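Once you have looked at the hints, place chain H on chain L.
Just so you know, the sequences run in chain order L and H. Counting in this note's numbering, the first sequence runs from 1 upward without gaps. Counting in this note's numbering, the second sequence runs from 1 upward without gaps.
These are computed hints drawn from the structure, not numbers from a lab. Nothing here was measured: the structure is a model prediction, and the numbers come from that model. Check each hint, because a few of them may be wrong.
[As the list claims (entries may be wrong)] One-sided and incomplete, this derived list gives chain H residues near chain L with beta-carbon spacing under 10 angstroms:
no.	residue
1	178
2	182
3	194
4	195
5	214
6	215
7	227
8	451
9	513
10	515
11	529
12	610
13	737
14	813
Positions of the beta carbon are idealized from the N, C-alpha and C atoms, including for glycine.
These are the residues of each chain, in order.
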Amino acid sequence: MSLEQLLLVIVAAPGVSFLLLATAWLLGIHPRERLLAHFTSAVFFAMTVASLVLAWNMASKGIGTVSLNGGPWFQAGEYAFQLDLVADELSLPLMCMTALLVGIVATFSRRYLHREGGFDRFFLLLNVFAFGSMLIFSAGTFDLLIGGWELVGITSALLIAFFSQRRDPVVNAIHVFSVYRLGDVGLLLGVFALHYWVGTAESGRVFHGTWPMQDTTMTGTGATITALLFLFAACAKSAQVPFFGWLPRAMEGPTPSSAIFYGAISIHAGAYLLLRIEPLLMASPIAASAVVGIGALSALLGTMAHRVVADAKTSIAYAAMTQVGIIFVEIGLGFPQLALVHIVGHAMVRTLQFLRAPSMLHDYHRVHAAAGGHLGATGEHYNNLLPEGLRTWAYRFALDRGFYEAFVDRFAVTPVMKLSRMLGSLEPGTRVAEPGYSSVTADALEETKA
Amino acid sequence: MEPRSSSAHGSSRAESLEHTVSHTAHMLPAQGPIGVFIHHNTLHAFQHMPFEQAVVEASKVYGTEPYMREEEYRKAVGSGRILIDDIDAVLAREKDFDVWPGMTRRELRRRLLVPGIKHFQAETVQWDLDEGGLLDTKAARSLFEVCLRETPLRKQADAEHRRARDGVLAATGTDLDTVIHPWLIRLCAVFTDQGLSYWPMPNREEGLLGAAMTLLQQPFCLLPSELGSLPGRCKEIAGVPAVDVVCRIFDILGIPESQWDAAVQTELLALGGWAGMIYRLQEEPELAPHEIVPATLMDFLALRMLLTVSAVDALMPGRLKAWKSARGTSDDPFGRRLASAATLFDAAGQVEGPASRIAALRTELDLFDELERRRILHIAYERRHERQILLPMQEHRRRKPLPQSEKLSAQVFFCLDEREESIRRHLEEIAPHIETFGAVGFYGVAINYTGLDDAHGVSLCPVVVKPAHAVTERPVEGHWGSHARRVRMRRMWAWVAREWSVSSRTLVRGWVGTTVLGVFSIVPMAARVFSPRRYGKLIAWLNASILPEPRTELAFERKDAEGHTETFDLLKGFTVEEKVDRVAAVLTMAGLRRGMARLVVVLGHGSTSLNNPHESAYNCGACGGRRGGPNGRLFAAMANLPGVRAGLKARGIIVPDDTWFVGGNHDTCNDDIDLYDLEAVPHTHRRDLADVRAALDKARALSAHERTRRFASTRWLDGPSEGLRHVQGRAEHLAEPRPEYGHSSNAVCIVGRRSSTRGLFLDRRAFLVSYDMANDPNNSSLAGLLGAVFVVCAGINLEYYFSYVDNERFGCGSKLPHNVTGLLGVMNGYESDLRTGLTLQMVEIHEPVRILFVIESTPERIEQTVKSNALNWEFLEKRWIRVASMDPATGVMKMYRDGVWEAVEGEDERLGSAASSMEWYAGHREHLGIARIETGARA
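In isolation and in its complexed conformation, chain L is listed as follows (with noise of 0.2 angstroms):
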């Protein structure tokens, strides 16, 4: 097998997976809880191993990149989705990191989920979102980038509302929902911007060289705004500011979820965008400055919403949002090879944390005992740092993570709502109907009534 074909094998391999279990969903065969698991597990394995063989034969071999040309999927005048697959310094490491994350936490959900109502619907999100993953890893155009990106949005609102008979995960499934398609709209309309400028989304042709020594044709204006674009994507994903808030409210899924999503992959998936188009980055002081900007006050918000917060889950997710913070800086300072290795530690340490959140108690007090019942205060830094009457604001706004809640709601939701009914009271004729009954028990109600 070529390493083009093992690349392809790779990426496909849980759509494949999706589409056989799905088919045999909507034909109403149900495999065994046991059957579907190990189905699933087996092939997360196969693309780990798969994914080592590649990154091996492509490190002996002295290789820098593999890629894949499938052709265009359609055209449209001169426009043409191209089918491309690319495997290089920066995407191996994260096909290979997925893969592996994946299977753990697919082989820890079969445990988790026994039983669970939804347990065949997680199984096949979880091969959904590890295709749409390794579509954005492995995407050798930003069209089909945007492919992945979409496969993981979805997959990530659909398991936040997992326990959809609830009504706070369904609501916060659609609050992450919309931050997503949000930042989506800056993914499009730089894919726009680069087709407008060079004239392709080829990523090939955007930047020359292997990773991380690429260069590009692109200068001055059209750089920093597509650059800017990207950047506006990546926040959304990466819960990074201005988009932040939304990263507790997908706490609302199961344990493994909250782990491979917010821990591991999804979080870093901005990150990774940022790091694909470094070469814009050097060629945009502004971009570069704007990407630094917003790590560095994201790291800062992260660690300061941390310190205050008393559970467990939303603690480590505000702890990973200040690393993917620095993971930013690093990227927008020019040090792509350090912001990789911080993302793959990052990703393993944050899902080992997210598995084992529902132990902080037991840790806790087991520290505790070995300490001999006494821990060291915490949280002594601010209280030297900050001059007495400014500790209480700064703590306050820890609390509310930033004032999030209320800017969203003053300046995003009040106003859109405002808009709409303003709009519904220009459109006449529209009044919700009183409920009615139908013809044959209306007869009847009238008879009674009378």
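What follows is chain H alone, placed relative to chain L:
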């Protein structure tokens, strides 16, 4: 702002409000911090009412289900779990007459129960009628019209809204709770936090209201539009005591004193989990595991009302009392009428009476509504259970007694816990010369215990008892050096673990940590997920080989002259006389009729699992939700003292000189058994010890195997050792929501001699308490036993009952979205009420029946003993438990029912029979009936 009420008036108003709040507080969930989980009657606030009334009253207050749903009982009828006989028997207890010629009420009710009528709902009835095919024929349509005519339209009386949220919702469509709860939850969480957050809340010492107001009044903060007036409102009430704040806001919102009860109740229950936790911490501050916080329920209510009034400011500006008269449109009288008519129509079809009887049927149906049907079905459901237990037990007693081994090699005490039933039975099956006993698992020693690795002492006794004696574990002479090394190494480990868990989440240290060390997380993660048991073994091995393990002993001696220890108001250990009291009590109650064996093992129990905030709920209830090993160890050590033996002798309890006691602990999750202080066992008893250990090892493996039959994810395992390996893996698995099934399926408590139940397969569903009437001429032992046993067993049983029948509201729902908060409890997701009660995964195989006590004594003696204890009498008289007597001589059973002891007769449930426990349960996952295990008797 409203004029302030005069201060002279104010104080009596304040008192009245205080009274209302403290009265209402009893309605709140009583669960404390989750690290110590105490099973209790979920409806403790309603315990003074009869059970059937209490569940209905509770459903009005909490919006909960009183029984299982009607369909579930129907399913039970379908599967034979309820027989027609049961329904007839229950209906026969009620008055009967002809409702119309040729139809008695009993007959009619039976038809309404079996096969039963369909229950229609207002929201969906229209669809059922249009699309459900009910009205396809002309005859059906005309019958339906008659039914509709007989069903009057009943508009719900416009009740006044009980709290502002309901009125505002009706008036504006905005749910106040969604506005204020995020604030309230977040503030309560940081206020009560026990160390999860890195930066503690400032000004906590001022109480919840004070600390929150300081934060809410900060300048330069952005508030959501609904809470814009919050800082202004805070200023108005600055410095006012919480109780006056509430009075004032009630005035502003137009809630007169006559409506305070309802208002306070609904406001507190809207976030009942948090309110309950605040109240628990107010009443018992020492329950907080690490930080004592000055929590008061009044502060909570004041904060809640403060947020509420601010939100009303924004949503109904200038009309702060208008919510009271706001009329909602949520009621749908037409839909309800239609649904009611459809139900009548369905009933008419079942009864097949003439159309002229529809009016009578309407009346009967209204009297026999869904609630009443469920009540009858539930009692029938329990009746079958009674017969499944009592008839086979009676039959067992009637038959020739199983022969007992003449030899008596050892005696083993277990906790009365129903989970110990299987291991006792297996032990007796494989080693007939070993006798077992069931006692209340703290073995009479109520202690405050500090283990070698513990920072401070914890109570090891039932929660109703306050321990007065401190016992500590200390290294024996010559082991202090290794103990010091152990402490040092543990401190070091704690430092590393703490640094890592804190620093991996902060900014700068987290950067270095995750970049450099992060990748190594993959090792424990992969190992824990793919090979949990081996990884657990590896960690245990590493611990054992690195950490020195000093030999230890318990410090529990006190000379009569010595007084209290300095730090706590506790007595250090026990005097000889106190020791003799405790040992004598347990030995007398158990009634060791056949004398004492050379070796007596006393086992406490606990449970170890991973990633499980509810771990404590699996521990020993009689030890206050903790592990009872130290109690067993202490009891044995006491009983071995020559001074105590002499004291026992003086009281007529002869412990032979060659009897040795050994304490131990049974882990009900991984089925490990640890025995303590084996170095002290005399050489002469080494053989006996080895024999008992071998038997216990076999028994725990068999018991583990029996447990695995219940786990739906587990295939039939070939042998006992596979079973043991399986449960060990479960205990070490990060992803396991069911490390064990805990008390799930508990249903019976048998207080009597083991010889009456020995050889019976009771399916791990029966608490077993050793009691011998012959040794208890004046019922004092029985009174002592029932005092503890009723509370502990009924508490467990009722908590399982309620968490099962309404898992979302009485229980805490599925474990999967749970999120540990403040080290105190769990929320769903990132911002919800604290969830109390049991998880779905804990109760899913439960059978919700009130516990059936079978007491081996005469009805008169039982009734007299129970009556002597007011709480116990309430349990029995108000039907929170069921009680049957078993005649010690004949084994004849009598069931207590409303003041009468009814004999239990019939042949409808027979005693099963099998050669071994495994033969009886092989291939079954469901609850199994009682069987007589014949080999259990082989000498």
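Here is what the structure says about each hint:
Look at residue 178(H): its Cβ gets to within about 8 angstroms of chain L, closer than 10 angstroms, so that hint holds up. Checking residue 182(H) against chain L: minimum C-beta separation of about 7 angstroms stays under 10 angstroms; hint holds. Residue-level restraint check for residue 194(H) holds (minimum Cβ-Cβ distance to chain L is 8 angstroms; threshold 10 angstroms). Hint on residue 195(H) holds. Least Cβ distance to chain L is approximately 6 angstroms, under the 10 angstroms limit.
Evaluation of the residue 214(H) hint against chain L yields a held restraint, the C-beta minimum of about 6 angstroms falling below 10 angstroms. Taken as an interface hint, residue 215(H) checks out: its beta carbon lies about 5 angstroms from the nearest beta carbon of chain L, inside 10 angstroms. For residue 227(H), the interface hint holds, the least distance from its beta-carbon to any beta-carbon of chain L being 8 angstroms, beneath 10 angstroms. Proximity of residue 451(H) to chain L holds as hinted, the smallest CB-CB distance being about 9 angstroms (cut-off 10 angstroms).
Satisfaction of the interface hint for residue 513(H) is found here, the shortest Cβ-Cβ separation to chain L being roughly 7 angstroms, below the 10 angstroms cut-off. Checking residue 515(H) against chain L by beta carbon gives a least distance of about 5 angstroms; that is within 10 angstroms, so the hint holds. Among the interface hints, the one on residue 529(H) holds; its C-beta lies about 5 angstroms from the nearest C-beta in chain L, closer than the 10 angstroms criterion. Interface hint at residue 610(H): satisfied, since its Cβ lies 7 angstroms from the closest Cβ of chain L, which is below the 10 angstroms cut-off.
The interface hint given for residue 737(H) is met, as the beta carbon of that residue sits about 6 angstroms from the closest beta carbon of chain L, less than 10 angstroms. About 8 angstroms separates the beta-carbon of residue 813(H) from the nearest beta-carbon of chain L, less than 10 angstroms, and the hint is met.
When the structure is compared with the earlier hints, no violation turns up for any of them.
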